[in-house]
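Construct all of the structure, not just a fragment, from the sequences and the given hints.
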Amino acid sequence: MARGIKDRVAIVGMGCSRFGERWNDDAETLMVEAFDECIADAGIDVSRIDAAWLGVGFEAQNIGPSGIPLATALRLPDIGVTKVENYCATGTDSFRGAVYAVASGAADIALAMGVEKLKDTGYGGLPARSRGLNFDMYGVTGSAPGNFAQIAAPYRAKHGVSRDDLKRAMAHVSVKSHANGAKNPKAHLRKAIDIETVLNAPMIAEPLGLFDCCGVSDGAACAIVTTPEIARELGRADPVLVKSIQLVTSNGWELQHGGGWDGTYFHTTRKAAARAYAEAGVTDPREEIDLLEVHDCFSITELVTMEDLFISKEGQAWKDILDGFYDADGHTPCQIDGGLKCFGHPIGASGLRMIYENYLQLQGRAGERQRADGPKLALSHNLGGAPIQNVSAITIVGLEGA
Amino acid sequence: MSDFGILSCGVYLPRRRLDRSAIYAANRWFAPGLKGLARGHRAIANWDEDAVTMAVEAARACLDGCDRAAVEGLTLASVTHPFADRSNAGIVKEALNLSDGIAALDAGGSMRAATSALRDALEGSRTRLCIGSNLRKARPASEAELIQGDGAAAILIGRGTPIARLVASHSVTVDFVDHFRASGEIFDYQWESRWVREEGHLAILADTVQALLAEARVAAGDIDHVVLPIAPGGTIKAIARKLGLKDGAVVDTLSAEIGDTGVGHSLLLLASALERAAPGERILVAGFGQGADVLLFEATEAIADHRPARPIAACVQDGVVDDNYMRFLFHRGLIGLERGIRAELDQKQPGTTLYRKRTAVLGLVGSRCTVTGTVQFPPSGISVDPNGRNQGTQEDYPLADRTARIVSYTADALGHSPDPPTYYGTLDFDGGGRLVTEFAEVGPDDVEVGRAMRMVFRVKAEDEHRHFTKYFWKAVPLNEGGA
Numbered sequence: 001m002a003r004g005i006k007d008r009v010a011i012v013g014m015g016c017s018r019f020g021e022r023w024n025d026d027a028e029t030l031m032v033e034a035f036d037e038c039i040a041d042a043g044i045d046v047s048r049i050d051a052a053w054l055g056v057g058f059e060a061q062n063i064g065p066s067g068i069p070l071a072t073a074l075r076l077p078d079i080g081v082t083k084v085e086n087y088c089a090t091g092t093d094s095f096r097g098a099v100y101a102v103a104s105g106a107a108d109i110a111l112a113m114g115v116e117k118l119k120d121t122g123y124g125g126l127p128a129r130s131r132g133l134n135f136d137m138y139g140v141t142g143s144a145p146g147n148f149a150q151i152a153a154p155y156r157a158k159h160g161v162s163r164d165d166l167k168r169a170m171a172h173v174s175v176k177s178h179a180n181g182a183k184n185p186k187a188h189l190r191k192a193i194d195i196e197t198v199l200n201a202p203m204i205a206e207p208l209g210l211f212d213c214c215g216v217s218d219g220a221a222c223a224i225v226t227t228p229e230i231a232r233e234l235g236r237a238d239p240v241l242v243k244s245i246q247l248v249t250s251n252g253w254e255l256q257h258g259g260g261w262d263g264t265y266f267h268t269t270r271k272a273a274a275r276a277y278a279e280a281g282v283t284d285p286r287e288e289i290d291l292l293e294v295h296d297c298f299s300i301t302e303l304v305t306m307e308d309l310f311i312s313k314e315g316q317a318w319k320d321i322l323d324g325f326y327d328a329d330g331h332t333p334c335q336i337d338g339g340l341k342c343f344g345h346p347i348g349a350s351g352l353r354m355i356y357e358n359y360l361q362l363q364g365r366a367g368e369r370q371r372a373d374g375p376k377l378a379l380s381h382n383l384g385g386a387p388i389q390n391v392s393a394i395t396i397v398g399l400e401g402a
Numbered sequence: 001m002s003d004f005g006i007l008s009c010g011v012y013l014p015r016r017r018l019d020r021s022a023i024y025a026a027n028r029w030f031a032p033g034l035k036g037l038a039r040g041h042r043a044i045a046n047w048d049e050d051a052v053t054m055a056v057e058a059a060r061a062c063l064d065g066c067d068r069a070a071v072e073g074l075t076l077a078s079v080t081h082p083f084a085d086r087s088n089a090g091i092v093k094e095a096l097n098l099s100d101g102i103a104a105l106d107a108g109g110s111m112r113a114a115t116s117a118l119r120d121a122l123e124g125s126r127t128r129l130c131i132g133s134n135l136r137k138a139r140p141a142s143e144a145e146l147i148q149g150d151g152a153a154a155i156l157i158g159r160g161t162p163i164a165r166l167v168a169s170h171s172v173t174v175d176f177v178d179h180f181r182a183s184g185e186i187f188d189y190q191w192e193s194r195w196v197r198e199e200g201h202l203a204i205l206a207d208t209v210q211a212l213l214a215e216a217r218v219a220a221g222d223i224d225h226v227v228l229p230i231a232p233g234g235t236i237k238a239i240a241r242k243l244g245l246k247d248g249a250v251v252d253t254l255s256a257e258i259g260d261t262g263v264g265h266s267l268l269l270l271a272s273a274l275e276r277a278a279p280g281e282r283i284l285v286a287g288f289g290q291g292a293d294v295l296l297f298e299a300t301e302a303i304a305d306h307r308p309a310r311p312i313a314a315c316v317q318d319g320v321v322d323d324n325y326m327r328f329l330f331h332r333g334l335i336g337l338e339r340g341i342r343a344e345l346d347q348k349q350p351g352t353t354l355y356r357k358r359t360a361v362l363g364l365v366g367s368r369c370t371v372t373g374t375v376q377f378p379p380s381g382i383s384v385d386p387n388g389r390n391q392g393t394q395e396d397y398p399l400a401d402r403t404a405r406i407v408s409y410t411a412d413a414l415g416h417s418p419d420p421p422t423y424y425g426t427l428d429f430d431g432g433g434r435l436v437t438e439f440a441e442v443g444p445d446d447v448e449v450g451r452a453m454r455m456v457f458r459v460k461a462e463d464e465h466r467h468f469t470k471y472f473w474k475a476v477p478l479n480e481g482g483a
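Chains as they are written, first to last, in full-length UniProt numbering: chain A, 1 to 402; chain B, 1 to 483.
The hints are simulated quantities; they were obtained by calculation from the structure and are not laboratory data. Be aware that a few hints might be false.
[Stated by the list, open to error] Here are the computed lysine to aspartate or glutamate pairs in the EDC-like style, where the Cα-Cα straight-line distance is at most 20 Å:
1. A:K271 / A:E314
2. A:K183 / A:E314
3. A:K271 / B:D385
4. A:K158 / B:E448
5. A:K119 / B:E344
Written out as structure tokens, the structure is:
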């Protein structure tokens, strides 16, 4: 394995727009909103940015191709801007581009932006779109809930979990995230709900009901990264450092290899998690990781991801969840900001939004939802695609020495 | 004796059976006279079936246990071919994974297109698959809507061990317009049924039968099975009386539970007769439409071993009663429901990509690595097998006739579907290979991890802008359809 980039890049500024149905904003104004917060946080002039990455998931449905929309919106100073698209893992991949530029020495200061303007489609949920000319001939263009719902049946069968137990654990995931989102002024959904509401909601894709699904949102989030040395020059005595970034892309094994992947977990997440822990020097993630932001596009996704990140034992996450292990006041909070479920899910922005929350929490700047025990090491997990074919991206950030 | 004749037969009847009383209940206010027809059920194709898909399923049943390499030609007879200018028979050929080196022809233009195709094949010398398949379309509240049914039948003609041989045939062509439909139109225009009975069935058709019997020097009373694809039961009795057919010789027209399947109906009833015929028995098959075709067969000794994988009785019994007349109208495009913006996804099919991937898409041909034995779909240059890196080692591996088992599934109520919720999931084939595809003909009790499924050829989507039908394979419960 490569040496990795632990502690070679620091985050000096982050910004995040309010997420939600931003009827009167477009991608450009959302990016400006996030960037204004970010550049003020960094305390630098725009002219110091050497390179930028722009992450957008559904470019055809909003800003169009290339890095030009970011360069134009922010009037960046004649620098290279790279457009990134990697399904819902786009935000983290945008961050990865900027971080790698700094880690390599090619840039001193780099910007990662993620944005999505989804509420111009005319309906809820993600836009239906082509997945390529070959796929469109033999693939299933199912909905996102339809794709992710398919984890449930094989998981139940393999681990001998009853329909009711699984449904209740999934419901707990959503109840917890709604409670957390209620404390987040930037969150799309800010209403606490009870478990009965979740259990009795209309079915979207069996067994996922309405409250097992995150909505989609408009929003933007961004980060300015630099070297730890420059971060200290900028007055950051204890900067938030990147401990690891790992991204794994399905190569078709899950999709095509009969009898291989059994449908109960995310192969890519397990691979990425193992590498991320190795890169960050984490040996006991259940005890060492203080905070989790994961890709809870659906409750069942969060549930099995707890196992794929090696926090819960395989087949046991549903019990940890029901035990409150991942609640805001539990052992390891998961989605303390409300997660995709309630903070919202503007596709290209989500990975950066997760890092934003971890960045705030590590600095004790998370306001009403601040975890009191002084978190040192926080993980974000950003997933794109479907269980059977996806992109899984993990970023661990932490304080010096963590 | 000649080794040329009918080698095999197969039928396909869609699973849903629309309750005729539901049709009548919705239309009674407008057409109370339909009451007399409001008994029993009619077979209705699902939204993702058409004359091509039903033809494929009938042909698969027909070719079960046969050497497909022996097929030298294919005729698809229909008056509802999905394409006016693209060989529909050619699509069937691809779905059946037949050799490129065969002839293929669409026959149509008349309700007797299938019997004419059958006659041509029998008078030739090559092994030819003759299929009759129709997706019927009738105006709501018409008699035709109640009388008709959807279905397909396939007869394999050729050299081998025939189960029946042609004894004689006779055709008559006269421009008798009992009904018609102009090119590009959707619905038939029907003339008075009493005239059709008197001058059509009892004159033209009966006379053609008599001419054939005279030529063949066979008495009407010596025919054991008579196929008369005529909907009104009274007309059949009148013909039987006029011709002097023996009691019980007329093959049940399946009007009670299936309906008149149109062009393929003669072949469907011929398949029915072949299931019951004993060696040496005579079978007479008639087709009617702007004249008539009449064919006389004699069952051979081999008929004793004729055991179809999906007998007609089983196909009839495997139906599911459906009283959702609104859904039927929607699926036939007879009412426009609000489908929402999600349904606007462009389904444009580039000709180039379909041609490159035709065996995978239309034939469900996967591949098998000759080094590791790993089966995969679709084929690729580099094998999916993680154990070793093998490139250019894959050979064709047809998957359509293999049983598959559910790995995962869902019932998706969000994505657009003409028949929500959309069931789909991941399947592992017995013997290797994995496929994510839609499930057809399933409800909540039909899907569970490990459940056995079989593949069927269906419409995947319609390009509504350019009017192109996209086909692919879906999974149905293994036992559906009597298999």
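Against the earlier hints, flag every one the structure doesn't satisfy and list their numbers going up. 2
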